[in-house]
Structures are given as structure tokens and as C-alpha cells.
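If you read the protein sequences in the order shown, they are chains U and Z.
If you count the first sequence from 1, position 61 lands on 61 in our numbering, and the numbers rise without skipping.
One gets our numbering by counting positions in the second sequence from 1 and adding 1000 to each.
Honestly, the hints are just simulated from the structure, not real lab data.
Glycine residues also receive a C-beta, built at the ideal position from the N, C-alpha and C atoms.
Any given hint could be a false lead.
Claimed, not checked - Covered by chain U, per the in silico footprint, the following chain Z stretches (three or more residues, Cβ under 8 Å):
1) 1041–1052
2) 1085–1098
Said to hold, decoys possible - Okay, the calculated beta carbon distance ranges per label pair:
3) Z/GLY1218 to U/ASP21: 39 to 47 Å
4) Z/VAL1059 to U/LEU212: 49 to 57 Å
5) U/ALA113 to Z/GLY1403: 35 to 43 Å
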Amino acid sequence: MAVAKTLEAPIEVYRFEPGKDAKPRYDRYTLTVEPHTPVLTALLRIRTELDPSLTLRYSCRSSICGSCAMQINSKSRLACQTPIGPEIEKHGRLVVEPMRNQPVLRDLVVDQASFWRHYDRIEPHLKLDPRHPMPEGKPNPMTPEEVARFYETPRCIACAACYSACPAVEADVDFPGPMALAKLYRFVVDPRDQAHQDRLVRIQTDGLWLCLRCHLCTEACPKDVRPSERIRDLKELAIAAQGGTEPGSRHAIGFKENIRERGQLQEMKLVRQSDGVGGMLAQAPQGLRLWRKKPEIAKKPRAIEDLDQLEALYRELDAPPKDGT
Amino acid sequence: MRRHEVVVVGAGLAGQRAALAAVEAGRDVAVVSKLHPLRSHSGAAQGGINAAVGAEDSVDTHIYDTVKGSDYLGDQDAIEFFCREAGPTVVEMEHFGTIFSRAPDGSLARRPFGGAGFPRTIYAADRTGLALLQAIWERLATEATRFTLYQEWDLTRIVVRDGKVQGIVAFDRKNGRFEGIAAPAVVIATGPSGRIYARTTNAHSCTGDGVATAYEAGALLKDMEFVQFHPTALPDSGILITEGARGEGGILKNSKGERFMSKYAPHVLDLASRDVVSRAIVTEVSEGNGFEGGFVHLELMHLGKERIESRLQEICDFCRNFAGVDPVTQPIPVYPAAHYMMGGIGTNAKGEASVPGLFAAGEAACVSIHGANRLGGNSLLETLVFGKQAGLAAAAFAAQATGRPTVTDSDVEASQAPIRAMMARDHGEDPAQLRAEMQATMERYVGIYRNDADMLEGIKRIRALKQRYANVRIVDHSQVYNLNLTDALEVGHMLELAEVIVVGAYARTESRGAHSRIDYPKRDDARWMRHTLARKGPEGPELSYSPVAYTRWEPKERVY
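So that you can see chain U by itself, here it is in the shape it has in the complex:
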């Protein structure tokens, strides 16, 4: 192995003990490290060489236990999987903070109760129907193709990096968060689970449509579970399961058809498409207020030129997927 050159890494670490410290502070440590040294190794060296009172969660140091997710230069990452060199190179500094969207217990340790509560709420276990028992004394047969449908969801290590990165969690504590939804997806594609329909119906009013589609969870996920893509898959399955009758799915379908017509969003029409006439009436006061500020929302937008090209795009997207996609 090549001899790596070392660097002097300045590391700023968030320190805070609620109830004891008036406010958080950042302690600055300097360590000589190799560029590929993981942030976790540096934090453990701080603990053994400089300050044993620094506290954090960690265990496996090989990205399989999910303990050491934290904010590293403002991104939700596993400390064990993040080398220092590229961080310093890119940002000129290394700032380590606790995960977001979860209250700090002390230093880098957060209270994960809400994260686990959302995980429990999706009922993360096989739900069986007594009329269709498991084969006695034998495993269920499952083809490699059926196993492949799980995509990467079994790789999830529940590190909560996605939960920390998610702006929808920040905005709404009732949003289940990316991990719980990806986990739900794992059960609705499991041929052994016998509650697919119930799960898909329930999640529609339990937060599925609150996802903002920003993909920050997918960017944060250290195991490439790609939660936002699993949420998208869930939405498709949910629409199929309920025939697109639930407001969230009607909004998604309405959005698609609405734009297809003129190439631009017709906002007034979208309200009717999503929520029906009753919904329109219920939203009328808010609509009026908006209309006073921005009268153009009531107008039908002009159709874009080359609408036929858009139609061709739609037809392509609606076509059944080709092999391997």
C-alpha cells in the first residue's frame, strides 16, 4: 500500500449538555491524520488522546450497525464511512455536529425516540392472514426475481441519516420519514406479507403524500437504499391499490393530466382535480385571498408551443417499462 501523506486536520466538534450548559459550543481539536482516516477514528482519537468527555454513539466502525450517523460539514453521514481528507479539501474545515430533527441528549448523541416511533408505526413485520398459513416445516418459495423486487431496502441499517436530512420531517413531526417509508415498501413487495392492500390504503392518509421529493434522503443514505425512490415506488403502488381515489393520489394524477393539457399548471383546476368540488368550496376562502394578491391564478394559462412534443413524452412515460428497467 502506498504511504499516504498526513495532514493536520482541524476538527470542530459540537459540545452541549442540555440542562447543564447554557448553550452549545464548538470545541476545536487538531489531529495529524491520513487523508483516508474516517471521521469516527478521529473522534475516537479525540476521546482517547485529548478529551474523554466527548460523547457519541458508535459500535461496528464498518457501516453495518448504524450507530454513528451525524452531521459532517452539514451533511448527514456515517462518521465511520466518511474520510477526512476530501472533507477538508472541499470545505477547508471539518465541522461535526449531531444529527438534525432529533433533540440532543449530549454532544453528538441525539434522542431517537421519534425516529423509532415512526418505524414502529408502519408495523414493520410480516402480517399474515390465518386463511393462508405459511408452508408447514418448509420455507416459502421465492424466485430470485421476487427477491430482486426488494431492491436495496434490506441493506437499511436504521442509522437515521435520512431522517436527519429530511426537510419534511423538520416541517411536520407526523411525517414518517424516509426510513419508515422505505421499510414499508420492503413489506408491500414481500410476497409473504398478506396486508399489502391495507398497508397501502393506510399510508396514504398517514403521511405518504407529505414527501417533498427533494431526494436529500437518497443523497444521505450510506447504504444506497435510495429512500426517495422507494417512496416514489410506494406512491405508484398506492395509486394502483386504491384506484387513485385518495386526495394525495388524485393530486398526483391530476397534476400529470393537468400539465398534459396545456404544458403549464392550471392551479384552479388542480384543486378540483385533487379535492373535488367539495374540496374547492372548502378552499374557496383561501383561494379568494390568493386571488386578491395574485389575480392571474384564476386565468387559464396559454398552451405552450409544440404541445405535441410533450404528448410524445407522456406517451413514452406511460408505455410499459422495457426489460431491465
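Once you've looked at the hints, dock chain Z against the given chain U.
Showing chain Z alone in chain U's frame:
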């Protein structure tokens, strides 16, 4: 004081399976763990779980392979029970929801593993432990109303009075509060203690707390000198590269480009038993056939990108992230690292330890089915088979227990007083320093190859560290998530176990399985086909010995 009927300490596969059995038996169960159950080290197991379910395979072959792998130190009655339970155990885990890899016909896929006569290792890509851990937790969590989870609690004491278990003392990391949890039955399932060694595949949390605590409470430890070194770990970090990599066709090469295993195991080459392969690698490196930095190469490149990336997905990530090599195009540098403790709290096949009311299962226990060397794929199976047995036995014991076990204020104080003293010191030993010296000592003097003089030195050094530990100091005085306190407790636990390992190893004047003595290179069945038992005495471990249980397999020379 809290009160339950069964307290399970440790929430990996063994602990959770024990808890599930005890819950199903109708007992009020507590699960105490220093990690969230899904963060347990069981999740790091990669390669697979053995069960002789293939048409060409048989339970008898699995038994024979395990007996031979154990170098005839495994108890054959327990091994027979263990291998018979394999099929039903795997089926149960599949029914709980484990996502196993599949063969084209829809059956459970199997891969070859070291020391096994047939491909019998059922797997979930290279994250079998994680797949099983998720499934058992998903199943156990459906019983959430029937057990209490003490998450991120550290065990400090098993209380034994009048010759019977009374419960435990533990503290809650969130607020530093020490509490007694009374119960007539306690199951220890705290897993590995590999952090006793400098280079280990084990997680940082694998510090043998339950085993050490049981030893301090008077339980007998069994065969602690048998430490398995996994042949293929990344040299710098000790991160495990699964045996499944060789099962899939990976080969080991030295710096001369030779496939050196042909010298050491001409019949099965790279898929010899772990002790054999680890010794081969150490021998190659010490004879100058290693690469600069002291390692050999594990080559997967010839398997092709598709196979490597689908069957060994996590390994690809580990190599790329932690060693800077891409196994699709480059060899992986590997060297052996401490991996598994064959020894542990001595139990029978029901999980019963030597103290009434105390039970153990998984890596923390020693039944013994692994004897002097464990076969790959047998440890995941062990956690589930004997986790269930220990849970059932603990539940039955609790149901019939008479009297009311109590953990008194003075029991709690007995755990807390030394901590206060450690915090009150102005000067004292740094737990991290003691840990580093212990790890280096064990690596150097009680490693893969052992001899009389080294081990005598090891005993001396570990005892000196134990003396210094009496003056250990905790500088962090916070009540909240005080890891400095956890460090101090853990190193105390590990020093106890390190002493048992080296004293047992020094006494055993033969080579068997993972215990290789340069000065006694042969197995000595006449004298040493027996288990080492260690009891804590005032001057250190007091050793005694017990016979190995025989059924059908006469000891033979072990050749692969």
C-alpha cells in the same frame, strides 16, 4: 427496584431469540442492552447460517464436520442436537420474514464454507446477520406489550445470594442512574469479547461484559483459551472480509503469486477450517512471503464484476471505503484478526450455567459445540438454536421459582460505590491507556502461535494491568451518556477475561484447534481431551477440567 420474571442481557440474535421464547412461554421479560437491538453485533455477521437441507447433504455430515472442526473438543451430544435443529431454525427465520438469497428454483440458496463437506451455508447476500437480526426484531417487536426494553443500559453486576440468582444491577446511559432489576432467571447473551485483542473483526462494543459479570458472580467459564482468528480481515482496521468471499471462489495468494493454501490444505485449499488458514497466512508472512506491511492477498477478480457485486455487495463497499481497493479489479489485502470466542459461560445444551437461575446463549456461552475451533456458518445458527433453549429453560425456571428474589439498595450501592471512587480521584489510570496496553499484550503474547515463555510474560503483564486498574480514574463526571464511565467498566471486564484466557492457555500443554503452541505442536487426547473450567478465586482464575461428551465420533487426525 424493578422486577421481572426473566431478564435477558444482550439483544443480538441470541438474546432476542431467548426473549421471544420466554415471552411465548408467558413470562414477564426484560431485555437489557447497551445498544438498540438493531445495532447489535449479530448484524455484522456476513457469510451465512448452516443447515444441511440440500438433497446431497445430511445432518450427520453436518455433525461430523462440526465435530472435526472442533478438533474433537465439542460435546457430541450437544452438536447432534444443534445440527438437527438447524433446518427448523432456518425455516422459522424465513417465516419470521428473513430475506434470504434464493436459487433459481425458489429454494434457499447455499454456498460452500470452510470445513464443510457440502455447500450448506444459507445466506442473504453478504449480510446474513443483518437480515436475521432485522427479522427477529420485527418478530419480537410484535410482542412489545409483553416485554420491557431497557435500551442503552450497561450491565454492572449479576446478584447472587443464597446460591441463587436474584437479578442484576445496571445503569441507564441516558441519566446515569443505577438500578436493580430483580428476577429469578437471568440470561446472558452479551456476545463477543474480541476487543480484548488489538486487531479484531469485532465491534467496539464487544467487550464481554456479560461473561465477565457472570465470572465475577461465581459462574464457571469454559474453554476461554480458544480464540478464533478469522483469516481474512483488512490489515489496518480489522474489518471482516467474509469467508463467503472464498466460498464464492476467492483465492489467497502470497507475494510470489503462489496459491499457498495448496501447501497447508491440499484437498480443500482456501476452504480449510479457519484455524488452519489463519496459521497458513501468519506462516507465509513470517517466512517473508507477505506483501510490504505484512499481509497476503485475497483475489476475487476472476469471479467477474456481476457475481462480486451481487453476492458480495457489502464487501465491495468495505473494500472501497475502508481499504481503498476495488475487489472487482484489485486484490484485497488481508491478515488474520481475533474474531470469535469459542469459550464463554459454561452451559449445558439447555443454556443452564453453573449458578442456579443463570443462563447463557450465543457467543457469550460455551455449550460446547465449537470446541477448539468454530466452523463458519455455525455461529448464527448457535445464537438462534441455543438462544431459544436458554429462553425456554429460563422461563421454566422462573415459573417454578420459589421465594422472592431481591436486589437490595446495598447491591446497587456495591456497583455504584467503586464508580464514585473512580470519579473522585484526582490522579489515576486512564481506561483507554489500560485498554491499549491490554490489547497489545494479548496480541503479542497470546495470539495465533503461543509458547510457554510468551504466555508467562502475558500473565505477568495482564496482572500488572489489573493492579493498575484498581486505580482507574473517570474524568467525565456527567450523568448523561458518560462514555468515559462505560470505558472504565468495559476495560475492567476485559481484563478479567484476558487473565482467564492466558492462564487457561498457559496450562493447556498441547495444540488443538485455535490453540497452537509452538512448544507443544501436537494434540494430546490422552491428557487434554477435556474442557477447561475457570472459577474466579482470590488470586485469579482457579482451573479445573471436565470430560468431553462423546457419542459416535472417535478422534482422528484433522486433515483438510
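*For which of the previously enumerated hints does the structure constitute a violation, in increasing order of number?*
Violated hints: none at all, because every hint is consistent with the structure.
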